[in-house]
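Student: Taken in order, these protein sequences are the chains called A and B.
FYI, in my numbering the residues of the first sequence are 1 to 161.
FYI, in my numbering the residues of the second sequence are 1001 to 1167.
It should be emphasised that the hints constitute simulated quantities derived from the structure, not laboratory data.
Be aware that one or more of the hints could be misleading.
[Unchecked claim] Short derived list, chain A residues pointing at chain B, Cβ under 7 Å: (1) A13; (2) F31; (3) Y38; (4) P91; (5) K99.
[What the hints assert, rightly or not] Derived DSS-like pairs: lysine-lysine, alpha-carbon spacing no greater than 25 Å straight-line: (6) K1038(B) to K40(A); (7) K1063(B) to K57(A); (8) K1135(B) to K62(A); (9) K1135(B) to K99(A); (10) K99(A) to K1148(B).
Here the structure is a predicted model, which means the values were calculated and not measured.
Virtual Cβ for every residue (Gly too), placed ideally from N, Cα, C.
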Amino acid sequence: MRKTQRGFLLTEAVIVITFISIVLFYLFWQFNNVFSVYEKSFHFNSVDGLYRTSEIKTFLLKTNFSELIQQLHEENIYIEFSDCSFSNATPFCEDLMAKLEVENAYFIYENMTSFINYVEHRQDYGELINYLDYIDYDRNYLGYRLIIEFSDGQFTSIVFL
Amino acid sequence: MNNRGFSVVELIVAFSLATIMIFVVSELTIFLRAEYNKINIRSEMVLKQAIILDKIAHDFNNKQVASVNTCGDNCFEIDFYEHDMKVLMIDEEEDIFRYGNYATEIKEEMIFGTIVIESEAYGSVAGNKIDSFLKIRIPISHEYDSDKNFDVLAIYQYNSSSYPISF
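With the rest of the complex left out, here is chain B (with noise of 0.2 Å):
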């Protein structure tokens, strides 16, 4: 009689044991999804900030801007010396950013704000080969990852007596 089927205690162990192991294993399956999913998130901002961030320093580096005319909400034409022109838009109809000929989807939940483009100038400084500066940024978030920015801040850096830019 002894030896036959299980006792309340056996069973209340063996309840009690079994609901912390659900309990553990699901919120480690609901921690872990979640870091999946901010992870992938996060790689796919970082993988657009960073093209389009080498599109635009790739020109910086290389060329020297001329101009910078507005042609739109969230439009700019950047004019270079060297006989090159680049759109740099948000087009809002299509959800698309364009940068000259690099395009790229802006899906449901990502976030482009207001293009800003400044201009600071210091006049010439006696021995620096530079002496201004242009600064892009290009406001980018995630609706799901909203306690991080992947923001594209370009800068670039002139000599304003060389190289001077109509703005």
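So that you can see chain A by itself, here it is in the shape it has in the complex (with noise of 0.2 Å):
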């Protein structure tokens, strides 16, 4: 009995290790959140993105806009177009994504649940995913969005209203 009242258990000890733990590591895991959240708004999304991607979407509407919306109607999910394939001013459109640093431009429509669902069942797609899992976007809506990937990682998107 004078034995049980003695300094510590390895039971209290064991108690007192896990609360602490639990604690740092919520501690921990609620900064991590913020700190992601914040990084997300630098690379999704950003003041500079948005105005090159409005810049891409001034050229499409100047030149090949109707092109776009054809090609789009015919391959039924998206369009990537930062190779200029499309445009019937390809060494403009062309240097164009180059001094934009753009990597990837998707043109698809502004309900993009046939996009999202595509671009979940593969791998190669990285951080798009992510992105598109950002974004809001309206089902009910029939126009189109053009989402476009920089080298330097961010990704941005414009509404065709």
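Grab the two chains, each in its own frame, and use the hints to assemble them into the complex.
Tutor: Here it is as structure tokens:
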């Protein structure tokens, strides 16, 4: 009986260690969440990225927008046009894409459901899946959306009203 | 006798726990402080980048550029067809960036590189309203966040036959 009243028990020590570990882990996890959200704000829809995307949108609207829509209807889910294969102003388009440091350019429907399904079932789209998860879209809107991935890892998108 | 004070084992356990706690908490504090500083710097730089870009893009979207001329080191005069002229420059003596009426201080840790203005013309492209573009790049970085650049990249797309630019 006297022996059980002496100092710490192993059980007490384990409980304290577990409690402290949980508190520290929870703190770290919470702060990490805050930082990762903040990090996303620098990589997803940044001001600089939106500006560059709007320049691509301007180019498309002033040149090949109808061709792009027609091609999207034929391809059904999306068009990747960073190589400017659709454009009749190819050298200009290619240079513009290079100057704006575009890695991938996707032209899709505003209702992105089929595009998201397509991307989710493939391994080679990397961070794009996280970006699609990050943005909101209107399932009922019949417009189009431009998603641009830049060479520095940024993603931005603009809707065509 | 058995109930008095701490045994050696108890002390070792207590000190070990305290050491681990101090180590983990200090690591966490150092990490949080570094992240906080990094985020502060990035916010400030992104804000500066956005304001400069907004000023230039506003003119490029609403006016037609007529000519671009140099006016010294890191200094360009941009003339618009709308009878307006803006000076884009980095005043290295006063550590100030200027574009038109806008001026912002370049703090000690901020690094503003050499402004690069390039023009690319592709001649007339059938059916297209634009065939050329002007590119302005202002390299901006921060001493304490060297893994990210905050360059301002502005593009002006135009039709060279309607609004030619002398460069």
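Student: Which hint numbers does the structure go against, in order from smallest to largest?
Tutor: none
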